[in-house]
Structure formats: C-alpha cells, structure tokens
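K.L.:
Residue numbers (numbering that gives the first Met the number 0), protein chains in the order written: chain A, 0 to 102; chain B, 0 to 102; chain C, 0 to 102; chain D, 0 to 102; chain E, 0 to 102; chain F, 0 to 102; chain G, 0 to 102.
Warning: the hint list may mix true and false statements.
Straight line, CA to CA, 27 Å or less: simulated DSS-like cross-link-like pairs of lysine-lysine [claimed, not checked]: (1) B:K59 with C:K7; (2) G:K51 with F:K99; (3) C:K70 with A:K59; (4) B:K26 with A:K59; (5) B:K70 with C:K59; (6) B:K99 with C:K26; (7) F:K22 with G:K82; (8) F:K51 with G:K82; (9) C:K99 with D:K99; (10) G:K82 with G:K22; (11) C:K7 with C:K70; (12) G:K99 with A:K82; (13) F:K5 with E:K70; (14) F:K51 with A:K56; (15) D:K56 with C:K56; (16) G:K70 with E:K51; (17) D:K56 with F:K22; (18) B:K70 with C:K82; (19) A:K99 with B:K99; (20) A:K59 with B:K59; (21) B:K26 with B:K70; (22) B:K7 with A:K70; (23) D:K59 with F:K56; (24) A:K99 with A:K51; (25) B:K7 with A:K26; (26) A:K7 with A:K99; (27) A:K70 with B:K99; (28) F:K26 with G:K5; (29) C:K99 with C:K7; (30) E:K22 with F:K22; (31) B:K22 with A:K70; (32) E:K22 with D:K56; (33) E:K70 with F:K22; (34) D:K26 with E:K59; (35) E:K59 with F:K82; (36) E:K51 with D:K56; (37) F:K56 with E:K51.
On the chain E side, residues computed to face chain F include the following (Cβ under 7 Å) [stated by the list, open to error]: (38) L53; (39) L54; (40) H60.
I should point out that these hints are in silico values taken from the structure, not numbers from a laboratory.
Keep in mind the model is a prediction, meaning the values are calculated, not measured.
Beta carbons: idealized from backbone N, C-alpha and C, even for Gly.
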Amino acid sequence: MSVSTKLKNIVPLLDRVLVQRIKPEQKTSAGIYIPEKAQEAPNQGNVIAVGKGLLDKDGKHIPNQVSVGDKIILPPYGGIPVKVSHEEYLLFRDSEILAKVVE
Amino acid sequence: MSVSTKLKNIVPLLDRVLVQRIKPEQKTSAGIYIPEKAQEAPNQGNVIAVGKGLLDKDGKHIPNQVSVGDKIILPPYGGIPVKVSHEEYLLFRDSEILAKVVE
Amino acid sequence: MSVSTKLKNIVPLLDRVLVQRIKPEQKTSAGIYIPEKAQEAPNQGNVIAVGKGLLDKDGKHIPNQVSVGDKIILPPYGGIPVKVSHEEYLLFRDSEILAKVVE
Amino acid sequence: MSVSTKLKNIVPLLDRVLVQRIKPEQKTSAGIYIPEKAQEAPNQGNVIAVGKGLLDKDGKHIPNQVSVGDKIILPPYGGIPVKVSHEEYLLFRDSEILAKVVE
Amino acid sequence: MSVSTKLKNIVPLLDRVLVQRIKPEQKTSAGIYIPEKAQEAPNQGNVIAVGKGLLDKDGKHIPNQVSVGDKIILPPYGGIPVKVSHEEYLLFRDSEILAKVVE
Amino acid sequence: MSVSTKLKNIVPLLDRVLVQRIKPEQKTSAGIYIPEKAQEAPNQGNVIAVGKGLLDKDGKHIPNQVSVGDKIILPPYGGIPVKVSHEEYLLFRDSEILAKVVE
Amino acid sequence: MSVSTKLKNIVPLLDRVLVQRIKPEQKTSAGIYIPEKAQEAPNQGNVIAVGKGLLDKDGKHIPNQVSVGDKIILPPYGGIPVKVSHEEYLLFRDSEILAKVVE
C-alpha cells in the first residue's frame, strides 16, 4: 500500500471485511509472562471496515453479519493480507467469520 | 482466545454451532474401568451456542436444527477448534450435525 | 456412544436416516451353510429412525422417501458409522438410499 | 440380496431405474457363431422397475423418462450392481440412460 | 447393439442427439487424392435422431437446438459411441454441439 | 471441414461465437520490421458469426454481448479450433470474450 | 495489441474491469529511497474502463461495484494481462476487486 493510503480510506467491496488480528496476550492478568507455546493462537480480531454486502437476486445488498468495531473469532486459515501504513490487516469474506465476541 | 473471553461472550454467526465434545466414559455404570480401546469414540457433544441460521433468498434467517443444551451426535471429522479459557470447543455447521440424542 | 444412549433416543437431523445392516444369511432355507464367498453382500438394511427431511426454499421440511421399519437396499459405499450400545448403525442421506424392498 | 427377496419387491427410489443388461447375441440370425471379439458390447438393457422420479421445487415427483418394459441403451460405464436371487441387475439414474429402443 | 436393432428404433432421451460423423473427403473436387495428413479432421456430422430436450423447472421439455437432418460441427472430444448394425454413431448432448452448417 | 463448407454456412449455436484471430503486425506504421519477440501477442480477433445466445429459464435466448464485425480482445487460452477452407477459426463462448475494441 | 489500438477504444464486457497497477513508490515523502524489499507490494491500481456488469435472470445488467477513475486494492493473484501501446494493463472481474481507496 502506498504510504499515503490511510486506513479510513479503505472501503471493502461487497461482502468483504477488513480485520486486524488481536495480538495474543503476553502476560496473564496477574502480570505473569505466558510462554509462547501456551499463548492462545491469535484467532481473534477487530473489524476495521465492512463492505455493503453481497447482492441478492434483485441487486439489493444483503447486509453483512459483522459491523465496524465488532470483536470476532477468525478461522484458522484464509484472509487476504493487506498492508496499510506498514501495519498488516486481513480481508475476509463475511461468511468466513466464525463468531462474534460480545462483551 | 484471550484469557478474558468467556464462553457466554461467544456468538456463532449464521449456521455455526459451538459444541463441546462429551468425554468418553472411563468406567461402566458398575464402576469398572473401560479399557481405552473399548471406549466408544467420543462423537457426542453438547451444544453451547448457536448462530441465527443461514439467510434465505429474502435475507431472513432459517433457524438452525439444534439449540443450546441439545445433546448431539457429531460427524467423525470436521469442526473448527476454538479454545476458550483453556478449554477446547468446536464450531460446526448446523448441517454437519448428524443427530440429536433426546432423553 | 455413551453406554447410556439408547437407540430410541437418537433423532437424525434433516435428511439423515439411521439404518442397521441386515447380516447376510449363513444358511439356505434348507439349512445348508452358504460359504462366505457365496454369501450375498449385506447391502440390505432396516430403517431405524429418520429425520424430518431437507428444507425447501420456504424453510418447510421435504419428507424423506423412506420411513421407520422400511427394508431398504443400500449403496455399496458411504454411510457414517454410529455405535449405540455396542451395536453398529449407519447414518445415510435419504437420497443415497437406492431402493425399498416391499414385502 | 437375501435369497428371499424377489425382483418384484424392489422399488427404486426417486430417479433410480432397475435394469437388466441384455446379453450379447452369440449367433447371427443365420445361426453362425459370432466370435467374442465381434460381439457388440452388451450396452442394451430392459427396464425392470422405476422410481417415482426426482422432486421438483414444490416437492412433486418429476416422472422419469423411461418406464417398466422399455428397451434402453446404457452408458458404457456407471450403474450400481444389485444381486437379486443370484441374478445381477443394475441401478442407474434416469438421466444416465442414453436412449430408448422402440420396436 | 444387437443385430436386430435398426437406426430408426433409437430414440435419444432428454437433450441427447444421435450423430453420424461425416468421413473426411479423400479427393479434392478435381479428383486429386488428399494425403491423410492434409485431410481436414472429420469434425462434421449429420444429426440422425434427437431427444425431446431437457426439462425446465415446470417439467416441460426445452426443445434442442438441432434437428434431424442438420449438418453440424462437432467438438474435438466427447460423444458416447453407439454401434448400430455394425455402423458407429455418437451420442452428444445438444449443448456440446458447436454449430450448424446451413447450405 | 470439408472443402465445400463456406464460412457463411456456419451458424454457431447458443452462446458460441466464431472468431478469426488478427495476425500481429509485422511492421510499424513507419514500415520498420518488428522483431517477433516484440510483436504483441495476437490476442485480438474479428467476430465472424454469433449464435442466438444462451436460453434463460423461460427458454428465450439471451442475446450475446458481441456481434458480427466486432473487433474483440481474446483470452490468452481457450477457443475450439475449426478449419474452414484451410483457414483456422476459433469458437469461443460469448462470456469468454474479454472486451470489444471500438474504433 | 496492435499498435493502433488506443486505451479509450477498449470496452470490457459484462463484469470485467480494465485496471492499471500503481507502481510502488520508490521514495518516501521525504525523498528517501525505499529499498525494493521494503517497498509495499504494488497491489493498488486505477480503474481505466468497466463493463456494463453481469446479467441478472431477466437479462438486465447488474452495475459493477467500481467505476472509471476509482483507486482500488487488487488481489495478490489473478487478472488477465492485456498490452495496449506497450503498456501493461490487467482485466479483473468486478467481484475479484477487494476494496476501493477513497480519498
């Protein structure tokens, strides 16, 4: 991505969702370092931007299941890497996202 | 999964179902240890959480076949592993689940 | 399957059908032993339980072709093995079942 | 197939068709033996039993193209072998059958 | 095909079309022998018989694009060989046929 | 193709389009020979004949996107070769054609 | 492409989109050379021309998601190369394009 492109400029198309992976927690809430092996696989992420959704047979958009700001559970594979200002983001299809984590 | 995520926070999307496998019984009802080889494969599970179901052509959710609390028979393969608070759960598609075990 | 699950507790989902294979006849009607090689492949079975059927586009169940108690002809392959009280059963899709044997 | 099952008991399901292959003619009409190599591949058969046909979107059966007693041309491959009273029959899908031979 | 089956007895089913390949011309119109290598690949044929066509969603036949007597251009591959009275014919699907050659 | 078949006799079926590739220009407009390596891949062509188009669900033809005389951009692969009077033509599906070149 | 074809003559068909990749920035905004390895993969592009869109079931065009002049994010793979006046362009399907970059 050219250095000038900012995150907010990126508008995913159709059912695509721009996600940033949440880095696994290095320490427990009590501050104890979690050995890498025990760190839970980083399969959670935050939704940064969403497309308008796929088109139904009448050409209307079917809204995506997730929205900006949602905390989500990602599949172990998939996602197209997109670099923006040297940060790595991922583009998933809405239907690939497994679940939401609602606080 | 970050340590802070609790099971109840997890909302599967569309036709996904969060399941926990029932561990095979180690002892018979009379208390006799069942050798591992004779233990029945653990292909039963409990439904922890369900999505709203797939969308039909008009964008309405088609309710899933299983509901929270159901005891079910799982296919021998498949299911995406998801760790929550160091416990292993599995995400299946509603249509992958073979049968219910109704008491 | 946990020892406590009984056959009648099992409710197949959607278009699945729980079947028990009919063991090939060891002896002719005149009581003569049939050598294993000459025994007809055991591709018949009895229907133990059926699901409500697949969903049509309006979310209504399309009844399965076979019902409980039917004697059926099974395809040479397929079927998911399910053990109940140490007996082996098979789960087929309704559309995989080849024919009924009506007395 | 258990010895007791008779041909007339077999009811194919949906679009399946029970067929018996016509054995190739060993002799010409003038009684001359046809060498095996010159015998035409036995890709003709007789229809023994037919299912009610596939279901359309409203759950109604779409009648099959062939009926009991039809003489048909079979594809070179396919067909599920089914033994009844030690005779070999084949189950085809209606749409696999190439043509009818009308006298 | 049994020797007794005549061409006119064969009724293709659904969208199938019975075709006979046109043998490549050995000589130019001026009578000069065309070396095999220069002979144009025999991908033309004559339509001998046609089925009623595929079924639409209401179970009505959609007429095929070609009719008996049409001269057609065949794809380089495909077609199921069918021998009738020692002559070789081919069964194609209507949609496999590339073009008509209209005089 | 038999020597007698003329181009105008060929009527593509359904969504097929008969195309002749435009040979790459050997010389620049200033008359300078273009070395083979620098010659642009010949992926342009002229539309010679078009079918009536695919059938929609009601059996009506959906007109093709290109028409006779159009100059088009061809995909790098595909197309069924058809020889007519020793000239090579190609049959593409309408949906395989990438773009038109409108003067 | 023949030297005479100009960019404006090219009309993509259906859901195809003609794109030119944006070359990665060699220098930072402060004028410092970015080593090749650190240059962001050139997965951005400009939309040069768009087709009328795919056809819906009634034969009407469904407008594409992107329009001429849009800045877009391209998938890491795919796209059919098309040379016009010695410049390289790419033809993508509208649904392959990941996102827009709106200024």
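K.L.:
So, for every hint listed, does it hold in this structure?
P.N.:
Results for each hint:
Taken as a hint, the B:K59 and C:K7 pair is broken in the structure, with Cα atoms around 34 Å apart against an allowance of 27 Å. A hinted pair counts as satisfied when its Cα atoms are at most 27 Å apart, and G:K51 with F:K99 qualifies at roughly 12 Å. Between C:K70 and A:K59 the alpha-carbon distance is near 48 Å, which puts this suggested pair outside the 27 Å criterion. Straight-line distance between C-alpha atoms of B:K26 and A:K59 comes to about 57 Å, which puts the hinted pair past the 27 Å bound.
Between B:K70 and C:K59 the CA atoms are separated by roughly 24 Å; this keeps the pair inside 27 Å, and the hint holds. About 38 Å separates the Cα atoms of B:K99 and C:K26, which puts this hinted pair outside 27 Å; it is violated. Restraint check for F:K22 and G:K82: satisfied, since their Cα atoms lie roughly 15 Å apart, inside the 27 Å limit. Restraint check: the Cα-Cα separation between F:K51 and G:K82 comes to about 31 Å, which exceeds 27 Å; the hinted pair is violated.
Only pairs whose Cα atoms come within 27 Å are accepted, and C:K99 paired with D:K99 is accepted, the gap being roughly 25 Å. A hinted pair counts as satisfied when its Cα atoms are at most 27 Å apart, and G:K82 with G:K22 qualifies at roughly 16 Å. Of the supplied pair hints, the one linking C:K7 and C:K70 holds, its CA atoms being roughly 18 Å apart against a limit of 27 Å. The straight-line distance between the Cα atoms of G:K99 and A:K82 is roughly 14 Å, inside the 27 Å bound, and the hint therefore holds.
Restraint check for F:K5 and E:K70: satisfied, since their Cα atoms lie roughly 13 Å apart, inside the 27 Å limit. A threshold of 27 Å between alpha carbons decides the hint, and for F:K51 with A:K56 the separation of about 24 Å falls inside it, so the pair holds. Proposed proximity of D:K56 and C:K56 is supported: the alpha carbons are some 8 Å apart, at most 27 Å. Taking the CA atoms of G:K70 and E:K51, the gap is about 52 Å. The hint is violated against a cut of 27 Å.
Among the hinted pairs, D:K56 with F:K22 is inconsistent with the structure: their alpha-carbon atoms are about 51 Å apart, more than 27 Å. Taken as a hint, the B:K70 and C:K82 pair is honoured in the structure, with Cα atoms around 16 Å apart against an allowance of 27 Å. Our distance criterion of 27 Å between C-alpha atoms is met by A:K99 and B:K99, whose separation comes to about 25 Å. A threshold of 27 Å between alpha carbons decides the hint, and for A:K59 with B:K59 the separation of about 14 Å falls inside it, so the pair holds.
At roughly 20 Å between alpha-carbon atoms, B:K26 and B:K70 fall within 27 Å of each other, so this suggested pair holds. For the hint pairing B:K7 with A:K70, the CA-to-CA distance comes to about 14 Å; that is within 27 Å, so the pair holds. Annotation: proposed proximity of D:K59 to F:K56 holds, straight-line Cα distance about 19 Å (limit 27 Å). Restraint check for A:K99 and A:K51: the C-alpha separation of about 19 Å stays at or below 27 Å, so the hint holds.
At most 27 Å may separate the alpha-carbon atoms for a hinted pair to count; B:K7 and A:K26 meet this at roughly 23 Å. This hinted pair checks out: A:K7 and A:K99 have alpha carbons roughly 22 Å apart, not beyond 27 Å. Simply put, A:K70 and B:K99 have alpha-carbon atoms about 31 Å apart, too far for the 27 Å limit, and the pair is violated. Between F:K26 and G:K5 the alpha-carbon distance is near 18 Å, which keeps this suggested pair within the 27 Å criterion.
The suggested pairing of C:K99 with C:K7 holds, with an alpha-carbon distance near 22 Å, which does not exceed 27 Å. A threshold of 27 Å between alpha carbons decides the hint, and for E:K22 with F:K22 the separation of about 31 Å lies outside it, so the pair is violated. As the CA atoms of B:K22 and A:K70 are separated by approximately 30 Å, the hinted pair breaks the 27 Å bound. For a cut-off of 27 Å, the pair hint linking E:K22 to D:K56 is broken: about 45 Å separates their Cα positions.
Taking the CA atoms of E:K70 and F:K22, the gap is near 30 Å; set against the 27 Å cutoff, the hint is violated. Straight-line distance between C-alpha atoms of D:K26 and E:K59 comes to about 43 Å, which puts the hinted pair past the 27 Å bound. Between the alpha carbons of E:K59 and F:K82 the distance comes to roughly 37 Å, so the proposed pair goes past 27 Å and is violated. For the suggested pair E:K51 and D:K56, the alpha carbons sit about 22 Å apart, so the restraint of at most 27 Å is met.
For the hint linking F:K56 to E:K51, the alpha-carbon distance of about 17 Å falls within 27 Å, and the restraint holds. Because the closest C-beta pair between E:L53 and chain F is about 10 Å apart, greater than 7 Å, the hint is violated. At its closest, the beta carbon of E:L54 sits 11 Å from a beta carbon of chain F; the interface hint therefore is violated under the 7 Å criterion. Checking E:H60 against chain F: minimum C-beta separation of about 10 Å lies over 7 Å; hint violated.
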